[in-house]
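Undergrad: As they're listed, the protein sequences go chains R and G. Going by my numbering, the first sequence opens with residue 1, and the numbers climb by one from there. Going by my numbering, the second sequence opens with residue 263, and the numbers climb by one from there.
No wet-lab data here; the hints were simulated from the structure. One or more hints might be untrue.
[Claimed, not checked] Straight-line C-alpha distance at most 20 Å; calculated SDA-like pairs for lysine to any residue:
1) Lys502(G) with Glu255(R)
2) Lys502(G) with Lys215(R)
3) Lys502(G) with Asp251(R)
4) Lys215(R) with Ala71(R)
5) Lys502(G) with Pro256(R)
6) Lys502(G) with Pro224(R)
7) Lys502(G) with His388(G)
8) Lys502(G) with Arg258(R)
No experiment lies behind these values; they were computed from the predicted model shown.
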Amino acid sequence: MKEETLTSGMRVWSAQPEGPGPFPTVVILHERYGPVQYTFNNVNRMAQEGFAAFAPDMFHRHTGDRKRVEAAEDRAELQDALSVTDMDELVDHIKGAGYADADRLIIAGYCQTGRTPMVVASQRDYVTGAVIMHGGIYNWDFETKEKGQESIVGLIPQLSCPIFGGFGELDEIIPLPNVWTFRRMLEESRKSYDIQVFQGAVHSWMNTTTEAALKRYRAEATEPAWQAMLNFCREITSGAWDSEQLICRFDSSVEPHREFLP
Amino acid sequence: MHEETLASGMRVWSAHPEGPGPFPTFIMLHERYGPVQHTFDQAQRIADEGFASFLPDFFHRQSDQREAIAAGQSRGDLTDADSLTDFDELVGYIRGLAFADADRIVMAGFCQTGRTPLILSAHGRHLSGAVVYHGGIYPRDFEPSEKGQESVVSLIPRISSPVFGAFGELDHLVPLPNVWTFRHMLEQNRKSYQIHLFPGAPHAWMNNTATDGRYKPETTAQSWRLMVDFCREVTSGAWKNDQLICRFQSAIQPDSEFLPTT
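Using the sequences provided together with the hints, build the complete structure.
TA: Below, the structure written as structure tokens:
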């Protein structure tokens, strides 16, 4: 994995498949911990799967102790305007990399950064697909703008690309009705989407890198989630989603007694 | 295909794979034309896919109008009670056949008979899967019972089998909002389903004997493959009773009206 520091001071880690490319590009955003081993693992996996993968440090402005953020003892907040600034800088960097095709660009956000791909796709047209993993639709994401963050109610009608959403049936901070509301909002705004709900998955079920993460790890939902997300990324970057069509794809498996209707 | 006449006078055609079986059972219902060449072709094809395939003549009470019905000049109406009687007789016949597994039955209705699998499942007949092809949710299917036919609104809460629904974007008999309403009713009643809405497909796109341009070979192949996969899944136990599975896939023109108004 290569580490570079851009003009702003933002560090970027990257990996890519062998060969000259250009490869379709994916930006992997970190969780609330900042760039940690899990983030790097995701970058490496995407590179193995055929993508030029980049992970920026979206917390580079944070002045506090990063170790405390990594340990989840402190929280670094993101502002929409600064996220867009950072992504603009990263996309310029990607354009100069040679092996990465910036015209086929996926942005994937996890947990805290789940909403970030939507923020960028609502203000920029360089996003080919926005991937949201277990985030983006927390209860507070529906509330009105605070701390420089716009409600997703305002973001969704502005989206410029298809959305992939991967959620867990048992996510304790994403109630299932939020997934159904998200689906309705995307349909009302006529935005193409692929939403998957994985049975038995708790919040952040795909991470194996720490002892705390292993308690949440759900092996049976991890590879299916990877395959669903990769399938979307491959379809989107190969032009399989006709931009003249409204595509609605929903695949959910939950226990029958769950409350899921908004 | 093998032809037999049951005690009621109902003719039944059947075909099955080579070997002793027992094979999962597939009951293919005819369209408004009664059993015609297109129906026989489909029943034969499903046997080639590994199912014990049966095609009953649900219009056996209207034998005097046979030619006019086959030409689409006359309409044979089916009452729910007669459909139940015919199904029971058919299953009694299937139980006597070593090659067919009568405990694993998928029933598929097309057009006029699209609603029939829902009727049977709602009345306690065990189906492993109910397949509804471009029917079952016409506007009149939502109205209160007439001519011995119950509304889908009251049928759906009582069905006990997963539903496969295949619809066409351009079906002039099935308005797009009906597909969304169907999805909503199934979810509200916690019924597992897989619904596909195919872009550019008119009513009865599978009929390769139609000369009016409705036959869509690509959609036919695609929808057939999805249906066979569903039938294999539900007859092999892949859809579990303790799962609510919601699968929806649609591709339509973005400016279409598809959201139900109520």
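Undergrad: Against each hint, give a clear statement of whether it holds in the structure.
TA: Status of each hint after checking the structure:
no.: 1; hint: Lys502(G) with Glu255(R); verdict: 10 Å, holds
no.: 2; hint: Lys502(G) with Lys215(R); verdict: 26 Å, violated
no.: 3; hint: Lys502(G) with Asp251(R); verdict: 15 Å, holds
no.: 4; hint: Lys215(R) with Ala71(R); verdict: 15 Å, holds
no.: 5; hint: Lys502(G) with Pro256(R); verdict: 10 Å, holds
no.: 6; hint: Lys502(G) with Pro224(R); verdict: 17 Å, holds
no.: 7; hint: Lys502(G) with His388(G); verdict: 15 Å, holds
no.: 8; hint: Lys502(G) with Arg258(R); verdict: 15 Å, holds
In this structure, the one hint that does not hold is number 2.
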